[in-house]
Structures are given as C-alpha cells and as structure tokens.
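Trainee: Single-letter residue listing:
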Amino acid sequence: MADGLFEAMRRSVEEGDVAAAEATARTAVDEGLDPLEAIESGYVPGLSCVGEGFASGELYLPDMVLAAKAMKAAMSVLEPEMKRRGATRSVVGKVVLGTVKGDIHEIGKNLVGTMLSASGFEVHDLGVDVPLDRFADVAGEVGADIVGVSALLTTTMTNQRAVIDTLTSRGLRPTVKVIVGGAPVTQAWADEIGADGYSEDAVGAVTLARRLVGA
Amino acid sequence: MATAINPIVNPRLRVQVLDDEEIQRIHTATLEVIESAGVRFPSSRALDIWAANGARVDRDTGVVRAPGALIEDALRRAPAEYTLAARDPSQDLPLDGRHVYAGTDGCGIEVVDVETGELRRSTYRDVADIARVADALEEVAFHWVAVSAQDRPAESRGLHELAAIWRNSTKHVQTESVVTEREARAAVEMAAAVAGGRERLRERPVLSLMECTTSPLGQDGGAIDAGLVAAEAGVPVGFMTMASCAFTGPVSRAGTLVVGNAEVISALALMQLAYPGCPVYYAAAQTAMDLRSGAYTGGGPEDFVFGAATNALADFYHVPLSMGAFATGAHEPDWQAGLENGLSMLLASAVGSDMLLGVGLLNGSRIWSYEQLLLDCEIYALVRESLKGVEVNDETLALDVIRTVGPGGDFLAEPHTRRHMRELWQPRFLDRRPHGTWLAADDRARDWARARAQALLAEHRPEPLDDVTAGTLAEIIARVEANAGVAAGVGST
Ligand code: B1M
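Sequence lines, in order, name chains Y and V.
First residue of the first sequence? That's 1 in our numbering, and the numbers climb one at a time after it.
First residue of the second sequence? That's 1 in our numbering, and the numbers climb one at a time after it.
Only chain Y is shown next, with the shape it has when bound in the complex (with noise of 0.2 Å):
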C-alpha cells in the first residue's frame, strides 16, 4: 500500500504537480504514515530525479522550480503533523539568504534559494532590499550555519560587506559562513570582503554550501 503512494509522491514531485502533491501528504496523514518517511521514500526520490535531469540538461529550469513548488506543498501539509509528533526532519544545513539593502534584483537569488532547498537546505529567504541587521537578526534567531547576500549593483555590493561586518560585531562569525554572489562580484572581491565563498551560478551555490557544512 505504501509503496504504491510512495510511487504517487514521487511522480507528484517529478511531475511538478502541486495537487497531487498536497493531496498525497493529505493521504499520508490520514493513513497515519510516518511523515518523515513519507518525506525520504515519498517525496525527495522524486526531487532528486528532476535535479539529476536538470544538472545533466535534460530537463529545464521550470522543471525544477515547478518540482520544488510540489516539495513545498507537500511539506506543508506534513508538517503540522510532524510538529504534533514531535519529529524533526534532519537538514544540510540552514541558509539565511537576501539582496541587499538598496537592491531590488531578485531572479538570481530566488533561484540560489530554490536550488538550496532543493538541496535539502532550510533556506530563510528575506526578500530583496534587506536592511543590513536583518541578515544578522534572523542568521542568531534561526541558528543559521550559512548567510548568503547577493547584489547585483556596484553601488550595492558594499553592503555585502557591511552584512559581514555586523555578523562579525554580533559574534556569529566564523560559526555562522557567508556566501556571496550576484553580476558584479568576483571571487576577488569575495577575498576582499572576507567572505567564505562565491559563486557565479545557482549549481556552484550549492556546492559551495554544501562544502561549507561538511555535507
């Protein structure tokens, strides 16, 4: 029985269909299957799948995005339920991750976050025009293990600097890892600024974060 819904989850995620998605979470529930396992034998195979298919080529950006949306829905479902049994899913990591202050270019940092979450990162996406404390705020409240600051100005990207500099006054560095990117940064300036890492597309991001916490 199980399998065969297992089988339903997987295609839902594959498929990026959000109903069925949403719809199998519902039966698990119902059923009374473990979430967590509904989650690694149910959904992630699913996602997996479509992020081999997009790292090879095969399948598009919209595939992944849209396979990513179905995961989300599917989570939000379970995880009421997991909170009510009092279990916690094990992530890589968690990921604190905006454009910064004065910046309002959000295409490449919205797909930074989704292919970290895709990853199996908890990604904590403060949006765009995030004033520079907010970074270092949310990273102390959620524990986070990596912030990720894109700009895509030369006028903004000092602030990514800033964003460092508060993390390190507040004394989260170097627990806490920072990551940069976005079109006018390099890896030079990355070393300038003291960052952990830089990356010049959302696949390096997560290689990037996945060596920063040891995955």
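Fair warning: there could be bad hints in the mix.
[To be verified] Where chain Y lies over chain V, by a calculated footprint (3+ residues, C-beta under 8 Å):
no.	segment
1	150-157
2	246-254
3	280-292
[As the list claims (entries may be wrong)] A short list of chain V residues far from chain Y (calculated; beta carbon distances all over 10 Å):
no.	residue
4	A2
5	D73
6	R77
7	A80
8	D88
9	H99
10	T297
11	E302
12	F304
13	R366
14	H420
15	D466
Hints listed in this document are in silico derivations from the structure and should not be mistaken for laboratory results.
C-beta atoms are modelled at their ideal positions from N, C-alpha and C, and glycine is treated no differently.
Given the structure of chain Y, go ahead and fit chain V with the ligand onto it with the hints provided.
Mentor: Frame of chain Y, contents of chain V with the ligand only:
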C-alpha cells in the same frame, strides 16, 4: 569642431511584424491587465497622483488598477516628437520618427583595458575616456553612462558620471544610472547649468533619463520618483521593461509584450497625469530567459522580434522608442557578438526605432570593450547603408553610361563611376585581404579596432566644457555629498 553625427535617416527597408489588428489586441489586453491585475507603484507620490485621477489604489500593496480610458487619455497628452539637445546644437537629435540613432550601452561593471587587455573594475577615468572616444565616432549619436565610476561614492556616483561625460563630449547624455529622487534633482540642476538655466533646459534638454520597470507588472519606487522630477523639468524620461519570457513574463512572445507594455504605458501615463505634455519615451529590452540557467540572454530570435514588435507599439502610442539592441551575451568580440548585434540592430532599425542601446558592452551588458565599440559602430554603418535601399532617378539609372559602355567593356573609367564611387560602402573592420596576406599578417579586425581606439584615446580632443559650468557641476556634486555625509575629498572629480 564637433564630429558630425551620421545617423540612419528614413530607412527604406521596412519590416512589419504585427498587423493593425494584432497591435489593437495587444493594446486591449494590456488595458485589461492594468485594470484587473494592476501595476505596483511603490511610491507614495505616485499613488497620490493615481488616486487623485480616479484609479483604484491599494495603499498596502502599492498596486494601482486604472481604467483603460484613464490610461488612453493620459497617453494622448504625450508629445509625438521632440528633440534631444546636445551641448553643441549641430549634434541635436530630432526624435521625429525619421531617424534611428545609436547610443553607447550602459552601466558596465568591468573594462577590458585597451592597453593590457586585462579585465578590471570600471572607474571614473573609464567613463571619461569612453565618452571622449564616443564623441569622435559619427555612429554614436548620444551617450548612456557606459560603465560605472566605482571609485566615486555610491551616493553621488551617478552625478560624477554625468559630469565626466559632459566634460568629455558635446553630445546628448541619457543617463540610466540616476534612480532616486535626490540624485534626479541634482542631475536636473546640473543639466540646467549646462543648458544655461531652467527655462533653456526645457527648450533644449541636454539630458534625458532612462528608468527601469520591474517585471512583472511593477515599478521601482526610486525610478518613478526620479522620473517625476525629470518630467517636471521638461527633461525627457523613458521607462524600460526587461520582461523575460518564462521568468518575469509569460513564456509566449505576445504575453511578454503585454506584461512589458502594461509596465511602460502605466509609467508614461503617470508622467502625463502629473505633468501633461511632458516629453516621454517608450523603452524596452525584453528577452527570453535561458532555459537552463535562468539567465537574461540578451540575444536570440525572441530579442530580435521584440525589437521590431515594440516599435509597432510605441508608434501606436505616438511616442519615441528607445530599444535594446546590440548588448550581446558573448564574452568577447566574436562570431556570436557579430551575429547577435547585427541581427538585433538590423531588425530594430528596419522598423524605425528612434534610439538603439547600445554599443560597446559584452556579456549581457557587463563588460566594456573598445574593440566591441568600434565593431558595433561598423555594424551600425553597414546597416545604415543597407537601409538606404535603392535610389531610382535619371542619374542612378545611368542610361547614358550604360549606352556608352555597351556590351562588354567596363565602367571603371567612366566619370559617372568616379562621381559616385564614394557612395559605395567601405568596411574598416571586415577582412577582405587575400588569404596569403591574411596568413602572413596574423592579425584580426579586433586588432585594428583596438588600434583605432588607442589612436582616438591619444588624439581626440573634444570641445571642452567652460570652466564656470564645470565649476558649477562640481559644486552641485559637492553639496550632494556634504548632505549625504560623504567625507570631503573622497568624491573630488
Ligand atoms: C548568496 O550566494 C549567492 C551565490 C550566487 C549568486 C547570488 C548569491 N546571487 C546571484 N548569484 C549567481 O547565481 C544566480 C543564478 O545563476 C546568478 O544570478 P543573476 O542575477 O546574475 O542571474 C539571473 C539568473 C538572471 N539575471 C538577472 O536577473 C539580471 C539581469 C540584468 C539584465 C538585470 C535585470 C533583469 C534587471 N535590472 Co538591472 N539588471 C542587470 C542584469 C545584467 C546581467 N546580465 O546580469 C544589472 C545588474 N542591472 C543594472 C542596473 C544599472 C539596474 N538594474 C535595475 C533594475 C533591473 C530590473 C528591475 C529591470 C531587472 C531585475 C528584475 C528582478 N525582478 O530581479 C536598476 C536598479 C534597481 C535597484 N535598485 O536594484 C538599474 C539601476 C537600472 C535603472 N536605471 O533603473 C546593471 C548594474 C550595473 C552596475 N554598474 O551596477 C546591470 C549589470 C545591467 C546593466 N549593465 O545596466 C548569479 O549571479
């Protein structure tokens, strides 16, 4: 003496990508979108104006839903024609639907150093140097701020960039790097100093502003406020959509046109509601997202078609168009750069776009290359000559000459040939040498382009800005910096 600008005039080759009915459908769909989904205006000033004119305004989300009639009425107030003034009046640019002008591309981040070939961060000096080289080129009709002056404080950078260009060129400046009300006020003041006062500026706008919309269906608050400052002063302002198929616009071309159109015409309408009759223009650089990386591609069939289709929309609204052309995604001046820039430029010109942006940047408008600048100018010249089509009159039919030469023989020594031979186009950067010569020389058009840029950098002396005006510009910037708390001296020009 100022370099005469040699623009495309009355292109004879005409391309039509949308028929009247299709344009009407896109327009109707756009009005429906503005009225139902709405457009976000995160500016309290803009929301007040919309509310005062009867639009539905949601103060919490900033979303404005305006009836179609309000948009249409407002757009009717926009002037169909006006002139972008230059410091030297012989370089004025009438936006009259008959001309197609090219400008430099804008806001590059890095520069391929013309001497060392190394890639480095852009500076104030680069802004000045690029303006000076562009001043000497007949294909470049006006400037955008080609790269960012990253060695100037962020608070006043956009103003330093303007000063750098005015000091190094007499041509019109259109800035795309002034995106806040505060900077816009200072920029207008600087422009007034160059034009000779506020009233003169209204008559002779030596500056225009280009602001971005935020797809889908949004505006940038700072950009809208900056636009209103320009509109009040009679400084032309345009709004550019960069909607990208499948990401910030629907995957379909028509759908992406509708989304971008809603952003642009709602912004232009707002300017007209605030300052009826103010000069505005439509601006666009739509593309299709790269399906693998999500990147903004800046080159490809969708871009080319958008170039042609958007002009049809701007014509429909009777406003000039500034169209994203060139701006290749290529990493160096290569096959891809030539192909993408050639085709985007050709299509955007063959429909008669008024302004084309822009020459000189690589890698999706990130890396400045002097080689690419000169090669792009070559593309412009080639297209300009192609679009002249065929002139038919007694002199060009050349019956007498044909009779004189008769069957066999040649036209080389005919006076008619001598009289008109300089009308044949001569390339500067296309390699037509014999193969053996090419092999032996072991150089490329890129090398010639770089040498030409080096020569212009060494030799070209533009008409300087008088000391008094230059002093006034520096004072305005210093005041802005003092108010912003920038340490004295950091921003000295
Ligand atoms: C935390 O760790 C990490 C790790 C990796 C990270 C990371 C974080 N963040 C990003 N990455 C990396 O991974 C991502 C995925 O692969 C990648 O993200 P990207 O964002 O690079 O890639 C995305 C998938 C696709 N790329 C993009 O989305 C950016 C494309 C370009 C064309 C671009 C766009 C689309 C836009 N823009 Co803007 N824009 C440009 C861009 C030029 C370019 N080719 O990059 C750039 C960045 N913009 C620029 C400018 C000037 C501006 N823009 C503005 C506005 C806009 C739009 C709103 C129109 C739109 C953004 C829409 C949106 N919702 O985000 C204005 C600024 C507004 C503001 N206050 O922020 C405005 C000032 C223009 C104006 N006059 O209004 C230039 C900056 C130049 C400079 N000198 O600073 C620019 C280089 C283009 C140019 N030459 O003019 C990597 O960088």
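Trainee: Find the hints from earlier in the document that the structure breaks and name them by number, from lowest to highest.
Mentor: 13
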